[in-house]
Structures are given as structure tokens and as C-alpha cells.
Amino acid sequence: MSEKPSILVVDDEAAVLFTYRMILEQQGYAATAVETCKQAVNEVHRQNFDLLLCDLSLEEKRTGFEVFDAARARTPNVPCVLLTGYASKEAVDRADREGIAVLFKPIDIEEFLSTIATILKDHHHGKAN
Amino acid sequence: MATPEMRAHTPRLVEKVERRLIPERGRAAFRLLSAERSDEIFPILMEEIVALGFPRALVVTLDLESGEIRPVAGINCTPNYQQKFKTALWQGENQVVAVLRTLKPAIIPKPGAHGRSLYCHPLLYKNRTACWEAERGNRFCLAVQNFHKPGGLEIGAQVCRSCEMRAYAGAVIVEMPANSSERQRGDLGSVIDVANGYLSRLFKVDHYYNRMRDSDVTIAQMETLMQSMADPVILTDSQHRVIAQNRAAERFFKLPEKEVTEGAARAVELNNLLFSAALSSMAVSGSSDASRDLTLVDIIEGEEVLFEAVTAPSFGRDGMRSGLVTVMRDVTDLRRADQEFRTSIERLRDAQEVVRQDRDLMHMVIENVGDPIIVADGSARAVLLDSLAQELFGRVHETTNGPIRLDSVDPRIVSNQVKLDSYLQAFTFSFSARQDGTLRLYSTESKSEVDYDTRSGKIYDKRGQVSYTITVLRDLSAFRKLEQLKMERRLIEMEKFAATGRLAGTIAHEVNNPMEAIKNAIFLIQGVMKPEAQPIYEILKNETDRVARIVRQMLGLYRHSEQVSTIDVNSVVEDTLVLFARQLERSGIRLEKDLANVPPVVGSADQFRQVVSNLVINAKDSMVSPSEEVDSHAHGRAAMLKIRTRHLPAADGIHGWVRLTVADTGSGIPPEIIKTVFEPFVSTKGEKGTGLGLWIVKGIIENHSGKMRVRSKLGKGTVFKIDLPVVR
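Listed in order, the protein sequences are those of chains A and B. With this note's numbering, letter number 59 in the first sequence gets 59, and the count goes up by one each step, no holes. With this note's numbering, letter number 449 in the second sequence gets 578, and the count goes up by one each step, no holes.
In isolation and in its complexed conformation, chain B is listed as follows (with noise of 0.2 angstroms):
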């Protein structure tokens, strides 16, 4: 548009100075504003510079990124010279650098020998009114600020806080004449200032173009995208109407291009009917994002497609509300697979429940075997009935699952099977879960009426109602009279012993007397026997002592008063030492008694006094050699009769023992005998023993349920423990 004409001609245009500077800018103005692209801005400005009278001129930019200064045009330039001009931002010395830092024009004088001065002008991205990005944003635009308050130029600082565009920025270095004149140089500045502006434009122009191809490509990025999604998409605006949706959802929002059926139709208008109805009704819900079930019909399968819609509310940049994004997650399946998953978990309880209704079963009949049971339903209807269950209250016919019929024509079954029927009426309508009781039935086995116990238990459903109940019966009768057994066969043995022991006795005291009058003539003769008779003297003398020991043992058997009664351990054992005290004294035996608080057992006193005796005589004989002198030297120790009572408690705290030790320093017991210590005619005194002792003490403790020990070590001594049973 501008042409050399138009320049050549222009100046003589305006006569006044200040008139011929306007269209000298005037004219470089109209040129300027022919470039339609950036890049058509410094060729002609170096043209207008040159116009003015300028020899040469060249631009350099500014690389914002590395901050390295090109040369970007020239005119009369060779490369090499415009290449002199090619710095950095950090060469701080380079005076072109300190141009571009303040922003201000200035005037390089001559840089070489035969060089010229130079004219250097800044070039900045600037503009008087911002761009819409920052009118609609943060309201900062660079080129407003550049335009009204260059912040210097730093790197950093040149990038746009809206719209993020950089600056660009360079300056124009024009070789001045020798003779320039100051109105010259002030043409010169206006004109670079003009294309500067125009350049500024440009620049802005060129962004916003930039900005649209790279909104394009981010529309069809996200269009790719969109349609890509297998799951309907659907962009709606305020009033829901529907601005953007993806292939996927107009298979259910839009009527097919070709052969629209009249179904279809109808489909797309109850989908989009039902659609907005639910944006409406989340919108209405008030929270930000929402979803809701929502079943769609396919317009091409024409099948029912169960959704779950999730919607997000879409924002302008203004951050004002511009409408909803759903995104729509076919859950047929899903929901199919859920529903299913439901019921089979529902299925599995189910079946652990009668697992357990059936282990719960047999673990009771299996407890309760031995007695009869009988298993009724909720209704209170046997159902099931164990073999001793069958003999009192008939036979079951075989049938199928269910309530099992009793038959029988005896009608004292018959008035057993009324008596149960009313029991479990009674039990299974009652809210007890358990239920102990009595039945008197007839009983077949023993031909007789017979109280037995009942023990009932419920066997709920998952429900809480009454599945089944179970109940054993016990005959008393049968348990009592065991016991009763039990206990007369205990008193007879006791009998039974106190009658031989009786019968020991009577012999014994029978036999005392002649005993005593034989042993005293066998005494008396003893000085007038001829030498030769002695040996016969001897045996005559010593088979009496072992016969007179023996009666001397069955006369403890021998009792008056056989009274069981209470039994206080520690005074049968004060009394028999009270007979023994002397004696052991005598011999030289320490006595250690060491009797401790103990409960009361049941027996006989005289048989206790009995034991004790036993034991204390055993003791004292192992301890005295047969001159009845301590046989100390033998051990090398004190002999010494310990005495110990002691209670031992059961874990129950009802019964438990009473324990009486008897211990010896005595020689104690060979190991070939300790086994058989306690059977009749063992002895471990020789002649001197009878070999009943311990036998008649083991019988007596065995009588009362108690227990014995024995424990020796030869030359050491022994210890008997006897443990008999509290009862209380």
C-alpha cells in the first residue's frame, strides 16, 4: 500500500516543522499498517529509517528463553557487521544490553576507529488495553503493564500471568549521520515507536491465533476422547437441555439418520423425558455431584439398560455454573451379578443354618446316649426317638421325614405316649428354652411306674422360632438304687471285716488265756529242766512267743463298740501315742508330732487306733535291734517317729483328703518284699513278726474308701502315707 511514491512525495506535504513530523510518521504510519503478519514489520522499518536519512539500521531480539540477542533484520548491513551486534542479556558492558535493561533510547558513540555513533531504541511488547483473557481473568495483562510501567526485563517477568504468552523484546540500532540532527533523531524514535505499537498488535494477533489452533486441537482432543468412552456422555446446560453428547449416548438420546421405527421415536423421547427428569431431581438434591439410578431403553436393541448416572456441574471460566456433565455406567450387569451374588450368600446362610440345626442335633442325642430321647419338632410332635425312648413309648413305623407315628395297643404305653405329648406340649410353647423335670411313666423293663427325670433344650431356627426340642429322660430309680448298691455294699464289707476281725478276736481271747497260763509254765520250768531237754525247752518256748504274738494281732481285730461315726484323725492319733508314749521313750525314739487343722472323716475309731498302732509298733520295731537298745550306731543318726496329719483340699471344695504320714529313721524295707508288704504273713521281723499287721492296716483303710502307700529305702527308713476321704 505504501509506496516510494507516496514517501517521496509526502514531505513536501507539510511546510512547519511540527506539521512535516506528523506525516513523516504519518506516512511511515500508513506503511506499517499495510504489514498483515509480524514478521512484514522491521523490512519496513528499516526502509523508513533509511528514509529518513539513516545509512543503515539493523534489529536484534531478544531470545527469552536463553536471553542471547540476535540480529533479526538489517538494512545496508552485511551479515558481518549485523553478526558484531549478536550479545547476551548478562553481558551487562555491552551497551545494547544496557538499552534493552532500562528501556530507554540512547546513543552509542563511535565504537570504532572509522565508526559512527549509534542510535539504539528498545522494542517491548505493549499495548494500552489488555486482552479478554485478562479482562476476563485476573485482569493482569503484560502488555498493559509493559505499556504503562515496563518492569524492567527480566526473563521471568515477561511471561503473562493470564494468558501465559511471552513478551518479545529487541531494540533498533541505527548508525546515526555525522550531521544528524535532533529533530532526526526524534523522527526516528516516533517511527520506531509506531512499529512497535504495530508490532505489539500484530504480536497479540498472532497469539490469539496461535491460542484458537491450540483450541482446536484440544476440542478434538477431547472429542476423541469422549467418543471414545463406551459409556454415554452427556454434556447438558442449565435448563438440561443437551449441548454435547458421545456416540454411546445418542444410541439412547438421538433417532437414528435412517428407517426411525415408530418404537424408537417413542424410546428417544422417553429417554430423554426420563434423563431430564433425573438432572431435574439431582439438581433439586442440591449436592455438587450426584448419582441416581435410571434405566434407559436401547433404541437400536430395544432393551431395558439399567444406568447409574453421576453427574458433575460444568464451569465457565467465569466460575459461574454452566450446566452438568453426566456420565451414564451401565450397571445391568453389575447390578445382575450383585442381585445374584445376594441370593447365593442368602442360600449359604440358609444351609449353615441347618448344618448347625443338625450338628446341634447329634451333638445333643450323641451326648445324651444311654438314656432315652425323644426330638420333637416346633409343633411339639416326636419326631425322633432312640431305641430306649421306643420302649416306653412304642415302636416307630417307618415313614418319611416328618412327625413319626407311635403305635401301640398296651394302654399303660399309650398313657406314657399322653403323658410325653402333654410334657412337650407344655415345654415347646413355653418361653423357657430349657426345662428339667419329672415324668412318671410306666417302665416295661421293670414292669413298674417309674419317676424319671426330664431335661428339655430348644433348638431355634434363624428366626428365633422353635425348630426342635430335645429331651432326655433318666430313670432315677435306676441311678438311686445303684447308688443304694453301692453304699450297702460298703457296709457289708465293713461288716464283713469287722465280723472276721470279731471272730479273730473271740478265737484270740479264747486262746489268751490257756496261751498266758503255758507261756508262765514254760517260764516257771525253765530252772528245772535237765540239760539235755534244752533244746526241746527252746522250741516249746519260742513256737509259744510266735503263737502268743499272733493272738496278741487278732485281738486288735476285736472290737465291742463297731460304731461308724465322725472321725477326728488327730485325737485317734493323740490317744494311741498316749499307749505307745512310754515305750518309744523307753527306747531311746525321739516322737515328732506335727498334727495340722483337718476336716472330719467317716469310720470306725477303734479300726483308726487300730492302724495307728500298727504303723507306730512297725516303726518303733525297725528302729530297736533285738536287745532293745536304739540301734542308732547302725544309721548314725537320732531315731525319730514323725507323725504329720495334713488336710489336701479337691479342686471342688467339698471333698478332698485327710493324709496321715508315719515316717520311720528305722532299716527299713528289702525291695524284694515292699510289693508284697501289705498281703497276710509277710514280715519283715522274722520270727518276731506275725506278718498280719499291715495287712489288717491296709484292709481297714481300704474298708473306708481311703488309700495307702508305702515308701522305704534300707537303712534309711520308712514312710507310710494314708490318704482317707473327707465327706460332707
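Just chain A, with the same shape it has in the complex (with noise of 0.2 angstroms):
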């Protein structure tokens, strides 16, 4: 793979959207940060994505539900991660049924970083064969 994973990653919260974007791009990956809905099913139907990463909670009582189902509608097996402080049981039931993994804020970055490179790892694989 001679090219950097691209990934999207939203936030509606300024400094977490930086801090994971700048972690994204230390560990190599080609991230792309925004930070409304809006934007992100703009930059899902600009171009395709090897992961995305999504707050649940976004602007106007938008979810990062909307955003990783238009990314599916256009890739719909791209690997979707929902970050979230806290998770109802319909959305972790949502995110299961979805095939969605689901990291609780405050996210350990050890693990962060380790369920992306895994995912990546699957999908690509996944892809290869």
C-alpha cells in the first residue's frame, strides 16, 4: 500500500477535532478533519474514505449515524468508528447491527490507535482477497 489511509474524522469540538486530527496525521494516515455533519456527508460524497471516524452527538441534533450512512451509500463497506462520551442502548445496538465500532470518550489513545490500525488492517485485507 504506497499510499497514506485517508481518513475522516468529525468532531463538533474545535480542540478535539485538531488533537485527533494532529495524532492521525503523526501516525502516517492522511486525515481529513471537519466539524459539522454537513460538511462531513459533503467531503463523504467529494471523495472515498478508508475510515471514518465520528462524534455521535454533531450540530442541530445531527448523529454521526447520517454521515457513516452516506458514506455507505457511496462505499458501503467503508469502516465506520463512533466516538461518543456516552451511548444509549439503541445507538450501541444501532452501531452492532451496522457493523460500527464504538469507542467511549475518554478514549485511552493507545487503544484508539490500535482499533484503527486493526480495522484498517481487516478492511484492506478484506478488500485484497
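It is possible that part of the hints are untrue.
Unchecked claim - Below, a list of computed lysine-lysine pairs in the BS3-like style, where the Cα atoms sit at most 27 angstroms apart:
hint: 1; chain 1: B; residue 1: Lys804; chain 2: B; residue 2: Lys845
hint: 2; chain 1: B; residue 1: Lys615; chain 2: B; residue 2: Lys827
hint: 3; chain 1: A; residue 1: Lys89; chain 2: B; residue 2: Lys749
hint: 4; chain 1: B; residue 1: Lys615; chain 2: B; residue 2: Lys576
hint: 5; chain 1: A; residue 1: Lys121; chain 2: A; residue 2: Lys4
hint: 6; chain 1: B; residue 1: Lys836; chain 2: A; residue 2: Lys89
hint: 7; chain 1: A; residue 1: Lys89; chain 2: B; residue 2: Lys850
hint: 8; chain 1: B; residue 1: Lys836; chain 2: B; residue 2: Lys749
hint: 9; chain 1: A; residue 1: Lys89; chain 2: B; residue 2: Lys827
hint: 10; chain 1: A; residue 1: Lys89; chain 2: B; residue 2: Lys771
hint: 11; chain 1: B; residue 1: Lys233; chain 2: B; residue 2: Lys213
hint: 12; chain 1: B; residue 1: Lys722; chain 2: A; residue 2: Lys89
hint: 13; chain 1: B; residue 1: Lys845; chain 2: B; residue 2: Lys771
Everything labelled a hint here was simulated from the structure, so no lab data went into it.
Reconstruct the complex from the two isolated chains, following the hints.
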């Protein structure tokens, strides 16, 4: 794999979003960081991402699931990770049904990075085969 | 009467052989007839035998008791000679014995060298006619039996079956002259037979004489016996005429010898009349033995005496009823004692009944203390009110026993009294033993009308009539209020907890994002730090991690949907385990689920989810070393998390518990902190733990009226048991 894996990261908190982007870039990923659901949907319409990281609660009661739905409309099997401070059972159930990983904030960075690496590797293998 | 002269002359009167024989026997018969006693017979016989021309003779008799044969009389015999004939019945070779056995006369040839032959003739008690005892009885007479067909001389056979008299037996032994003729021997036999006949008759007379003497003795004994009896004994004939009575009876039935008063005479007459009337009626009643109470007047004392007359029929020897024997027992004292005894028993029963009623009364009163109680009598009038009842119906005026007076000028209290009265009336005169109902009464305490639950019971006297009624009132409003308060308090507690949780959650949520940024930033500056700043960086990182953990824990308290509903514990467990399945798998922890069919419990599903997840996280942490590897080497066995649910039914079949057990094979809780493990900020995880998890779990469980226990062994593992009440 010559190209850097591309990751879309969405969070309505600018500081949080910034640190996520920095960490991802430091780890050698091509990170696209956006604050809103709208922007994120635009991004997924514009290009294919290898992975989507998305906060559950976004602006104006929008959720990360909207972003995932939009991305999967274009690339059905794109791996998604839901980042959330808390999750209702319904949200967890839905994530489970749709094959979306859930990470609870505050996120342990080691776990954060290992989850991303594992998902990307698995997905790449899946695609290659 | 018979004289030697007569003997001398008589033979010459008869010429012919036949004729001569008769006078010879006749003469002897006359002489024998003169014997008045049986013991005179043998001497006369001896003389007559000598008179017939025989030199000497003797008589031996058999002792029927010993079987010995002894000489008893003799003529021209020396005592020595007589003693030669002493023998016994069992000496069968003796020829005299042989004669006695055969009962046939015999001639014994010359016994000695110089002796002569002997004629031996048997003697045996016999008669042609039976005695009167045999006539009346079984018609067996030994004498007659011996006369017609002598049954041998067995000792046992010689006792009369009718009169029990013993026969006599013996033999006459006569020495024969050398020239004795056949006729001489014939005469001898005849004379001996005649003598035996007389002897038998005299023997019988002796027997009667003895019997009479015995009878006299018996009669005297009977008389003594009868007189010595203190109870009157009367013998009556078949017409109920008095034949004999003892002195005790004479006291009632016979006029005294002297000083006869008119009263005494009347008393005797009356007693006799009453007695014969009683006998007649007993005879009519038919039974052979009867008893009857009879009141007679004591002639001397003039007192009335109550007798129990017991009669038994008397029978004659012929088996016919000859009359009645009446024995009268003085039962005056006995009856009086009996009467007194009955009265005492009756009184005792009454006393027992009173005690029982009192006990029942007190029992019911004590049982129901704390509620207004009204005790009323069988006429529905209140007799006892406890202090609570007095508040409702007015103060009791201290009066004597009996119905009490309730006084009040308060119209509302008077209205209560009227309601109580009609309630008591209705219940007391109803047929039911118990009654439950309601009474709407004015309560002075709450200053309002209150519905009272009434419960009434009856206490019956021994005739089955109502002696008391007990009515207990229960202020349902107070009871309901308490229940409501309890419920509200619980809801408030839950709400408080939820509010606390919400607040904590909200704070945590607000802190969470800045936290996330700080944490990420710390991570990012990791590589660009001056080496001397490294310790500061470590502090920054560790303390931030700690805040992150606290935030994570507090977030668990925050839930949007705080709905209380019925929850299936099993599905909560399943839902929660889904979230942890991957983590547990990655940590190499085997999960064992054992979920039984359990009834639903009431509570918040989200809170239960938090309970389960906290316990699962604790279990996982206790089994995993800081290096994220299963700490299986430490205790040498597989890390395992066991989650089990069970239904523990209660005895009443309604309530019961759902038990959730979470067990791990982890490091365990040190004994020194096991008691404080449910308090806030107590942790076994050091820096890694917040010390809030179990405190929250315990809070949730207790809010749901549940119970929680922990058991742990260091290095072996920990078991949490949670019991949640089942509500139906």
C-alpha cells in the first residue's frame, strides 16, 4: 500500500477535532477533519475514505450515523468508528447491527490507535481477497 | 328285749326244718331289733352266732378311707386272735379280703395246724329303698345300688353320689365246729344278713342324725351371718311374705317389743307396704336380679332412709323358685355425696366457662392493642372501650360493672355513638360469628371523617348465646397514608439518585470534551518535550488519565431515559455483555453464562445495565495484569467470569427474589478493605480505579429494595450476589 490510508474525522469540538487530526497525521494517516455533519457529508460525497471516525452527537441534533449512512451509500463496506462520551442502548444496538465499532470517550489513545490499525488492516485484507 | 330265755325257748316251738329256721332267724331278728344304735348290732350278732352253736366269731370292718381292715368286735376271741385278722384291702391273697371283694360268703379252710375252718360273710351297707335325698335329687342311692347290684368294693364307689355319705363294709368271721351242718351254715348266713339289714337302717338313721346336726350348725352360722350384716336382709316367699329377716331389717319392718307409738306402727305398716310394692314391681319387671331405690322410715329414729334394694331369687332343692332374698343398702349418704359431687362439678364447669370467656376476652383485647376496641355485652351495650375507642365515642364514666355510659356533648361524637350502636345491634343479633365492615366516623385526631375498617367477633356462653362481642376498628387512612409515604419516599430516593446522576453526568459530559482535547494534546507533545520536563509530563499524563476515568464513571450515572418499568434481568445481562464480549475475549477471559428463567423485577433498565457493566469491568480488571495480559500464571488457572441468574421463590408463592451472581477468578479483595468496598473512593485498583463503581452499584441496588453481598478470597476470586425483589 503506497498511499496513506485516508481517514475522515468528525467532531463538533474544535480542540478535540484538532488533536485527533494531529494524532492521526503523526501516525502517518491522511486525515481530513471537519466540525459538522454537513461538511462531513460533503466530504464523503467528494471522495472515498478508508475509515470514518465520527462523534455521535453533532450540530443541530444530527448524529454520526448520518455521516456513516452517506459514506456507505457511496462505499457500502467502508469501516466506521463511532466516538462518544456516552451511548444510549439504542445507539450501541444500531452500531452493532451495522458493523460500526464504538469507542467511549475519554478514549485511551493506545486503544484508539490500535483499533484504527486493526480495522484498516482487516478491511484491506478483506478487500484484497 | 330279747332275753336268753327267749332264745332258749323259741327253737322248740318249731318242729319242721323250714319252720325251725324261721324262728331261729326270727328270734335273732327280735333281738337285733332291740338295738337302738348301730354299735349295738355287732355284740348282739356275736351272741346269736354263738347261740347258733358256733364256738367263736369276730367282725372286721373296712376303713374306707385308709383301706385297712380291722377287727371291731368278737366273741370267745382273745385280742391276739382277733389281731390275726388285721389286714388291708390291697392284700389280695388274704381270703377275708377276697370275700370283701367278691361280696360272697366263703369258707376258709383250716388256717393253722390245730385250727378249724372259718366261715366268712361279707357286710355292706344296703337298703331296698332310696333315702329322701336321692328321691329329690338325682335318684341315685348307694344303698339301693348295693342292694340290687353291688358294684364291687372299690373305695371310690362306696360314696353316695347324692348325699356324699360313706358306706360301711366289713365281714363276719365265724369259726366252724368240726361237725357243722349245711343248715347250720345257712342259718348263720341268714342271721348275718338280717343283722346287716338292721345295721344298714341304723346306719342311715345315724347318717340323718349327723346331717341334721350339721344342718343345725349351718343354720346357726347362716343366722349369725345374716344378723351380723349391717344392711337389712329379708327372705320372702313367693307371695312376698316375710319368712326371715335380720335385726337390721326388723328396725324397719317389725314393731318393737315395747313402747309402741302410733307413729312407729304407721311407719312399720307403710314400710311393709312400700317393700312389698317394690318387690311386686321388681317381680313384674321380669329379670331374676333387680335393684330399686326405696325410701323407708327408721322406726326408732324417725328418719327417712334411702335404700337400694337388691333382690335375688331363692330356689328350693327341687330348683323351683321359693321366694326372694332382698338385701337393702343404705345409700342415703352415697346419694347425698353423689349429688354434692355433681353440684361441685357443675360449679367447676361454670367457673371454667367464666375463666375461658375472660381469657378469650383478654386474648382478643391484647391481640388488638393499638387500635380502637369496643367490647359489648350480649345486648349490644358497650361494656369496655380502650383509650383509642374513647377518643371516638367519648369518655367512659366510671360505674360499677355492666353497661357503661358514654357522655359527650360534641354532636359529631354523638353521631359516632349512634353509628356504633346500630353497628353493634346489627352484629350482635345477626347469625354470623364474625363480621368485617367499615364505619365512617369522625376522628378527633384528624378532625375529619375517616373510614374505619371494622372487625367483630362473638364470644359465646355455654348455652351458645352471645355473651360478648369484640369490635376492633382500624384507621385505614393512616395505614394507607403510611404506605403512600413509603412509596413516595422510595420514589424520591430514586429521583434523588437519578438527579445526582444526571448532575454528575452533565458535569462529566461537559468536562469530557475538554478532557479529550487535553489528553490528546498531552499525547501529541510526548515527543517534543525537553528531557528535564519528562517527570512533569508524566504527572500531567497520569493525573489526566485519572480525571478521565472519573469522568467515565460519572458518565455512567447519566441517562436520558430514567423510566421505571418491569425489567427482565436476563436481557439486561445479555445486552451489557454484548458491549464487553470483545474486550473479555481479547483479555483471554472465558465467559460462562448460566441464566435461568426468572420473573421480572421493577426498576430502571439503564441503572441495572450500569450495575452489570461495573461488576463485569471489576471482574475483568481483577483478572488482567497491568500489561493487559491474563494474569493466569499468578493463580495457575484459567481466568473465568461467571454470571448466573436464579429465581428464589418465597414461601408465600407471591414474592421472592431474583438473584444475580457475578463471580470471577481474579486477584480478590484484601480482607482489610472488604468491609469498606461499597463506600465511595475505595478501590483495589490503585491509580487506575475511581473508587466509585461499587458505591454506585450498591446505591442502585438499594434504591430498588435489593440486597447486595460480596465474598472474596485473595488470589482466588470474588463473588457478588445481588438479590432483587420480585413484585407481582
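Each hint tested on the structure:
A distance of roughly 18 angstroms separates the Cα atoms of B:Lys804 and B:Lys845; the hinted pair therefore holds under the 27 angstroms criterion. A C-alpha spacing of about 20 angstroms is found between B:Lys615 and B:Lys827, which places the hinted pair at or below 27 angstroms, so the restraint holds. Of the supplied pair hints, the one linking A:Lys89 and B:Lys749 holds, its CA atoms being roughly 21 angstroms apart against a limit of 27 angstroms. As the CA atoms of B:Lys615 and B:Lys576 are separated by approximately 23 angstroms, the hinted pair is consistent with the 27 angstroms bound.
The suggested pairing of A:Lys121 with A:Lys4 holds, with an alpha-carbon distance near 13 angstroms, which does not exceed 27 angstroms. With a C-alpha separation of about 26 angstroms, the suggested pair B:Lys836 and A:Lys89 falls inside the 27 angstroms cut-off, and the hint holds. Under the criterion of a C-alpha separation no larger than 27 angstroms, the hint pairing A:Lys89 with B:Lys850 is consistent with the structure, at around 25 angstroms. For the given pair, B:Lys836 sits about 23 angstroms from B:Lys749 by alpha-carbon distance, which is consistent with the 27 angstroms threshold.
Pair hint A:Lys89 plus B:Lys827 holds up; C-alpha atoms about 22 angstroms apart against a cutoff of 27 angstroms. With a C-alpha separation of about 23 angstroms, the suggested pairing of A:Lys89 with B:Lys771 holds against the 27 angstroms cut-off. Restraint check for B:Lys233 and B:Lys213: the C-alpha separation of about 21 angstroms stays at or below 27 angstroms, so the hint holds. At roughly 21 angstroms between alpha-carbon atoms, B:Lys722 and A:Lys89 fall within 27 angstroms of each other, so this suggested pair holds.
Among the hinted pairs, B:Lys845 with B:Lys771 is consistent with the structure: their alpha-carbon atoms are about 14 angstroms apart, no more than 27 angstroms.
In summary, this structure violates none of the numbered hints.
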